[in-house]
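Engineer: Spelled out, the chains give:
Protein chains: 2
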Amino acid sequence: MWEKLVECVPNVSEGRDKAAIEAMAQAIRNVSEVRLLDVQSDPDHNRSVFTFVGTPEGVATAVLELFAAALPRIDLRVHRGEHPRMGAVDVVPFVPVRGVKMQDCVALAHKVGKEIWKKFRVPVYLYAESATRPERQDLSEIRKGEFEGFFEKIKDPNWHPDFGDPVVHPTAGVTAVGAREFLIAFNVNLGTSDLRVAKEIAKAVRFSSGGLRYVKALGMELRERGIVQVSMNLTNFRKTPLPRVLELVRREAQRFGVPVVGTEIVGLIPEEALVQVAEYYLQLEKFSLGQVLERRIEEALRGE
Amino acid sequence: MWEKLVECVPNVSEGRDKAAIEAMAQAIRNVSEVRLLDVQSDPDHNRSVFTFVGTPEGVATAVLELFAAALPRIDLRVHRGEHPRMGAVDVVPFVPVRGVKMQDCVALAHKVGKEIWKKFRVPVYLYAESATRPERQDLSEIRKGEFEGFFEKIKDPNWHPDFGDPVVHPTAGVTAVGAREFLIAFNVNLGTSDLRVAKEIAKAVRFSSGGLRYVKALGMELRERGIVQVSMNLTNFRKTPLPRVLELVRREAQRFGVPVVGTEIVGLIPEEALVQVAEYYLQLEKFSLGQVLERRIEEALRGE
Numbered sequence: 004m005w006e007k008l009v010e011c012v013p014n015v016s017e018g019r020d021k022a023a024i025e026a027m028a029q030a031i032r033n034v035s036e037v038r039l040l041d042v043q044s045d046p047d048h049n050r051s052v053f054t055f056v057g058t059p060e061g062v063a064t065a066v067l068e069l070f071a072a073a074l075p076r077i078d079l080r081v082h083r084g085e086h087p088r089m090g091a092v093d094v095v096p097f098v099p100v101r102g103v104k105m106q107d108c109v110a111l112a113h114k115v116g117k118e119i120w121k122k123f124r125v126p127v128y129l130y131a132e133s134a135t136r137p138e139r140q141d142l143s144e145i146r147k148g149e150f151e152g153f154f155e156k157i158k159d160p161n162w163h164p165d166f167g168d169p170v171v172h173p174t175a176g177v178t179a180v181g182a183r184e185f186l187i188a189f190n191v192n193l194g195t196s197d198l199r200v201a202k203e204i205a206k207a208v209r210f211s212s213g214g215l216r217y218v219k220a221l222g223m224e225l226r227e228r229g230i231v232q233v234s235m236n237l238t239n240f241r242k243t244p245l246p247r248v249l250e251l252v253r254r255e256a257q258r259f260g261v262p263v264v265g266t267e268i269v270g271l272i273p274e275e276a277l278v279q280v281a282e283y284y285l286q287l288e289k290f291s292l293g294q295v296l297e298r299r300i301e302e303a304l305r306g307e
Numbered sequence: 004m005w006e007k008l009v010e011c012v013p014n015v016s017e018g019r020d021k022a023a024i025e026a027m028a029q030a031i032r033n034v035s036e037v038r039l040l041d042v043q044s045d046p047d048h049n050r051s052v053f054t055f056v057g058t059p060e061g062v063a064t065a066v067l068e069l070f071a072a073a074l075p076r077i078d079l080r081v082h083r084g085e086h087p088r089m090g091a092v093d094v095v096p097f098v099p100v101r102g103v104k105m106q107d108c109v110a111l112a113h114k115v116g117k118e119i120w121k122k123f124r125v126p127v128y129l130y131a132e133s134a135t136r137p138e139r140q141d142l143s144e145i146r147k148g149e150f151e152g153f154f155e156k157i158k159d160p161n162w163h164p165d166f167g168d169p170v171v172h173p174t175a176g177v178t179a180v181g182a183r184e185f186l187i188a189f190n191v192n193l194g195t196s197d198l199r200v201a202k203e204i205a206k207a208v209r210f211s212s213g214g215l216r217y218v219k220a221l222g223m224e225l226r227e228r229g230i231v232q233v234s235m236n237l238t239n240f241r242k243t244p245l246p247r248v249l250e251l252v253r254r255e256a257q258r259f260g261v262p263v264v265g266t267e268i269v270g271l272i273p274e275e276a277l278v279q280v281a282e283y284y285l286q287l288e289k290f291s292l293g294q295v296l297e298r299r300i301e302e303a304l305r306g307e
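Line by line, the protein sequences are chains A and B. Residue numbering for the first sequence follows the working numbering, starting at 4 and increasing by one per position. Residue numbering for the second sequence follows the working numbering, starting at 4 and increasing by one per position.
Because the hints were derived from the structure by calculation, they are not lab data. Do not rely on the hints blindly, as some may be mistaken.
One copy or two, it doesn't matter: identical chains are merged, so the pair holds either way.
[As the list claims (entries may be wrong)] Cut-off 16 angstroms, straight-line C-alpha distance, at most; resulting in silico cross-link-like pairs (EDC-like, lysine to aspartate or glutamate):
#1 Lys7 to Glu301
#2 Lys147 to Asp159
#3 Lys242 to Glu227
Construct all of the structure, not just a fragment, from the sequences and the given hints.
Structural biologist: Structural data, given as structure tokens:
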């Protein structure tokens, strides 16, 4: 097991051509110091999301290999899909997983962004924690106008890229590269069929309408079960911990006399977030990740 | 990382002679498919506890190497210590950690027990989940009479060993070998200085006086903090889960108007127990260990 571990979740503007998607996946798999964990392709969005982890060096290499595989296979001039996009490789987030700090991922985004311009002549915008200006923190702000609009947008000095000349790549557009925290997808199911309750609770807990800082939330119906759900993204579980979010949802639900009937974590959750949950509900006075048996074993194995 | 993982926690009747303890530790370290995680020696008890993990084969080899190192260094005829003991290597528990079932550890105990007799002429009693009779499940029942008493006890047909002739090894006594579940040491601190409250709660929750099946509990004082504690061993967290134990303690404490002010996990806890805690308090509808990021990464690494 590697001592330093970074997760990378690039989004690519191809969700239909299976051979092209497989070629890109293979480009990642060929890098020795990374492991591809998941590939999700959406034909309607015409977009694929690759999830992989590896050493900082391995992840940097894999992103460049992904570019080398994507650029000859994607032509944004003819790309259509529901999801907004500005690049063949649209966005490349780096997430600290273990033995690396956010600052290391910020530095990694700089290094990889620079290389992308140098090797492929695709202009790069640094976003999220790597952003060089406040208005570039939010990816959707950068992406406004999409590929087609960027030929004008890039000439505006406020929208000159962080790396590269203000000239859009003719077929691959521009790319956003940045560091961000691990994202947890967490849904809370409520014992009511009244969608307004879920919408009210979502509004109460999400950042955009006055709630917790690192929470995005929507009210949704689960028709087949006859219940409703508060569907959330926790964008920084270290600062806005999962148990605090759940307890706030629970408290708001009580105002409507509605019980929480269940919850779900969609996809992956870091061990550290599980430890947070245990610390919160068990009232643990002191606990360290080193007390997790499997973690201790891994450390013993790495210590060879 | 190895696919099958067993923990082994042998207790040896030597807690004073540092050179002897180090020689035994080194015998374990020398086995390639195990990792020694911890050595705890108690001079008053004159006893050492080695914690190591490894493949079933590696762990079996390490136990035999430990015997080879311990037997020339320990003579029970001159051994004195507070802790009861019947063997130079007193007890050898095998704990399933990953990719192995309890039945596999039961089989491992049989295999290793047989080898111990064959190679070292030390009679072996199978205990805990490996026990061949109900009265041999409890280690303290087997150990009654200790080394000195065993020369008579072993002649009783009810106390013939599971492996070997009914003849005590002259310097190394007899050994208990068995499979058991992982043990979690969990303490709950109470906001009172009244020891009776801790004792009453311990009595309510422990198996021996009518409580939960896999709980051992004692009431204790934490003098320097001016509070009391319910100190527990959870001997099977899969069947008597940690959160249920805590909630029962909390409920009993409420009868005395006493709050839980904190808890602690002493030593190691398996990731699976952390997941149990999350499932319980978050009301997770479906969740698998495969959703833990680090676990998924490990699986991807092992899949090479």
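Engineer: For every hint, state whether the structure bears it out.
Structural biologist: Against the structure, the hints come out as follows:
| no. | hint | verdict |
| --- | --- | --- |
| 1 | Lys7 to Glu301 | both (13 angstroms within a copy, 14 angstroms between copies) |
| 2 | Lys147 to Asp159 | within (13 angstroms within a copy, 87 angstroms between copies) |
| 3 | Lys242 to Glu227 | neither (35 angstroms within a copy, 33 angstroms between copies) |
Hint 3 from the list above is the single one not met by this structure.
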